[in-house]
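Asks: Single-letter residue listing:
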Amino acid sequence: MKRSRALLLAGVAASAVLLAGCSAPADSGSAGDGSGTVRFLGPEDPATFAPVIEAFEAEHPEITIDYTQVPFDQYSSTLQQRLGAKDDTIDVYAVDQPNLSQLAAQGFLEDLSDLSDEAKAATSSAQFEINQYDGKMWALSVWNSTQMLFFNRDALAAAGVEAPTADPAARWTWEQTADAGRAAQAAGTQYGLLLEQVEAYYQLQPLAESLGGGSGIIGDDMLTVDVTNDGWVKAMDWYGDTFESGLSPRGVGGFQTAPVFIDGNVAFFVGGPWDVGRFASDASFDWGVAPMPYFEGGEVATPTGSWSWGVNTASKNKDAAREFIEFAALDPAGALTTTEATTIIPSNSEAAATYLPGLEELGGEHAAGVADLITYEIEETAVPRPVSVGYVQFESAMNTAFADIRNGSDPAARLEQATTQIQDAWKKLR
Amino acid sequence: MTASLAPSQAPAGRRRSTRRRLGPVGTSVLGAVIGLAFLIPLWWTVVNSLRPGDETFRYLNPLEWRTFFTLTPTLDNYFALLDTDLGRAILNSLFISLVTVVVGLAICATAAYGLSAFKFRGQGLLFSVIILSFLIPFDAIAIPLADMFRDWNLQNTFFGLILPGLGNGMAIFLLRTFFLAIPEELVEAARLDGLGPWGVFRRIYLPLSVPALIGAGLMLFLFQWQAYVWPLLMGTDRDHVVGPVALSNLQGQFAVDYGVLFAASVILILIPLAIIIGFQRYFIQSVSTTGLK
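Quick note, the sequences are listed as chains R and B, same order.
Just so you know, we're using the numbering used here here: the first sequence kicks off at 1 and counts up by one.
Just so you know, we're using the numbering used here here: the second sequence kicks off at 1001 and counts up by one.
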């Protein structure tokens, strides 16, 4: 009996030692003197940020950047929980731009207003404004985005349709695009038109904006839903009909769409700059790029915005954290390294000017004119997502509504339902 | 009268025997169809892990034989996984799960022994609390629990990832029910031979309960192997990333390579599958004999 008790005690002691061994907490950066470890949280693959981290560490040998990836789908909610608990193991984090005001309102972002002048000089006005909330600047824009109309030139040629060009002055309308898509279908292509993020507000907002429907959020406090106006209903009627009529496929979800274009099964595809590199390497047919369409008689509006980086208020290493985001956003050479391993546009204007010709080169003759087109869209036609503390709830309810509309729900009724849902969710924010 | 009965009896007898013959055949066919229905998504995953990501959706609409078969299988997706954190994540998950099984079984079996072999005041209440603990979904308490763990500085540590899996109410419940079925006479005989409470536990209860222990161990293993929300809340830096989080991380923001994603899923399925198939005899035994006298 003594032996068995001794054995048990030994077992318990061994497990205690084992567990204690695994519990040594990660080394926390030295406090406040601009050196040590900066913990950086984002939704990207570590390979994406490897170049910027390497370049920064080479320039600042006293600072180490420790990057942690959180899956994109859970990024917002994980961030919310961890920042809410004053998690000091996050120093710098990537901020999805439409969520900025909510994060700032909750006190999760360090005020960076002293960098306003430099930030204003470094980027486009839309990208500068997007980081403002309550008269202060809370983050620095690192990436920017836009959307373009990719087309399968072979499919259009088979239907005898002349393909659009990259010239913004010769921008096609949605009606024209749908007609050409149907002609391509009649000539044997499986689908006429496909949007990359079929159920995402980011890509669908411009449809309503083009018809005068606005962003869907109005009011001084930006907490009034306005998605049942004529512009929104008309845009969603058109969108629902593209699926109803078979112009677009129903069974393909967001981000499963690019392979459909790569396989040559769709005539028109609305996607982002990241698709240029992908199509260049994977598509085996003749494709091209044109400006994103607008509705006949309506306004031209294109999506914009991407990611900013901010400093956590609970961080114990804010000076070093600021050094890092300044390097990635304000230093053109630093900004350029953030896009080295991915095809997205740097927000820094000088970096973008160096980057875009390279992107055009990546796409070869198919992507001719894409650099000028992207620059034009970002400066002239970009409509940012609304800045509202209720954006997160708004986007989530709208994305569900888009999914239902493309699967056959009546647009007007479904938008009414979304309005009720959003208003309910916003009650506690008012 | 016999003549009039005979013809009516004969077809009834044939009907019965036909029904008797058709019965098992029908059930087998139905069983096979249901089995296939369960297998199809898994099979589709395996096939797509063997073809390039861009071909994943090529043969989906309309369905054809190539949806479920490929003539040009390639292991490229599996090789691509070598460049990701998945290998490290699988080792982490295995480490976390195995430590949970060993330490968790020690804790749960001791608790179950205490609740079944001794009588003490408040025993019923204590047992009710344990039952309640597994009736509340873990995800529901994960967020406040994560706040507490953060206060204790347990974020990004294996200890923080392992700890919530150790005390499992369901495992205690299963083991206690199994322990209650151990004959009192056996325990008394052991006591007469000079064994104390620990001796009885170690020499009588544990050896007799191997199937139940394996069942409870599998439960503890799967709890950790599938854990997703908790690791996300506790922090998953590169040194502590676990399998399901690494799998989800493969899904990029702008593009998803479904071939690589499916290859990673197949690997994450194979490991528990091997363990469950290895132990399934005991697992089924433990659940089916729990409570039998």
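If you're looking for bench data, these hints aren't it; they were derived computationally from the structure.
Since we're looking at a predicted model, the values are computed, not measured.
Mixed in with the good hints there might be a few duds.
Unchecked claim - Only some residues are given here: those of chain B computed to face chain R with a beta carbon under 7 Å: (1) Asp1054; (2) Arg1058; (3) Ile1143; (4) Arg1150; (5) Gln1155; (6) Leu1232; (7) Asp1237; (8) Ser1248; (9) Asn1249; (10) Gln1253; (11) Phe1254; (12) Asp1257.
A virtual CB, placed ideally from N, CA and C, is assigned to each residue, including glycine.
Asks: Now, for every hint given, state plainly whether the structure supports it.
Replies: Quick rundown of the hints versus the structure:
The restraint placing Asp1054/B at the interface with chain R holds, with a minimum CB-CB distance near 5 Å, inside the 7 Å limit. Interface hint status for Arg1058/B: upheld, as the beta-carbon distance to the closest one in chain R is roughly 5 Å, under 7 Å. The restraint placing Ile1143/B at the interface with chain R holds, with a minimum CB-CB distance near 6 Å, inside the 7 Å limit. Taking 7 Å as the C-beta contact cut-off toward chain R, the hint placing Arg1150/B at the interface holds, the least distance being around 5 Å.
The restraint placing Gln1155/B at the interface with chain R holds, with a minimum CB-CB distance near 5 Å, inside the 7 Å limit. Interface hint status for Leu1232/B: upheld, as the beta-carbon distance to the closest one in chain R is roughly 5 Å, under 7 Å. Because the closest C-beta pair between Asp1237/B and chain R is about 4 Å apart, less than 7 Å, the hint holds. Using the Cβ-Cβ criterion of 7 Å, the hint placing Ser1248/B at the interface with chain R is satisfied: the shortest such distance is roughly 4 Å.
The criterion of a C-beta within 7 Å of any C-beta in chain R is met by Asn1249/B, whose closest approach is roughly 5 Å, and the hint holds. Hint status for Gln1253/B: holds, given a least beta-carbon distance of 5 Å to chain R, under 7 Å. Taking 7 Å as the C-beta cut-off, the interface hint given for Phe1254/B holds, the closest approach to chain R being about 4 Å. At a threshold of 7 Å, the smallest CB-CB gap from Asp1257/B to chain R is about 10 Å, leaving the interface hint violated.
In this structure, only the earlier hint numbered 12 is contradicted, and the remaining ones agree with it.
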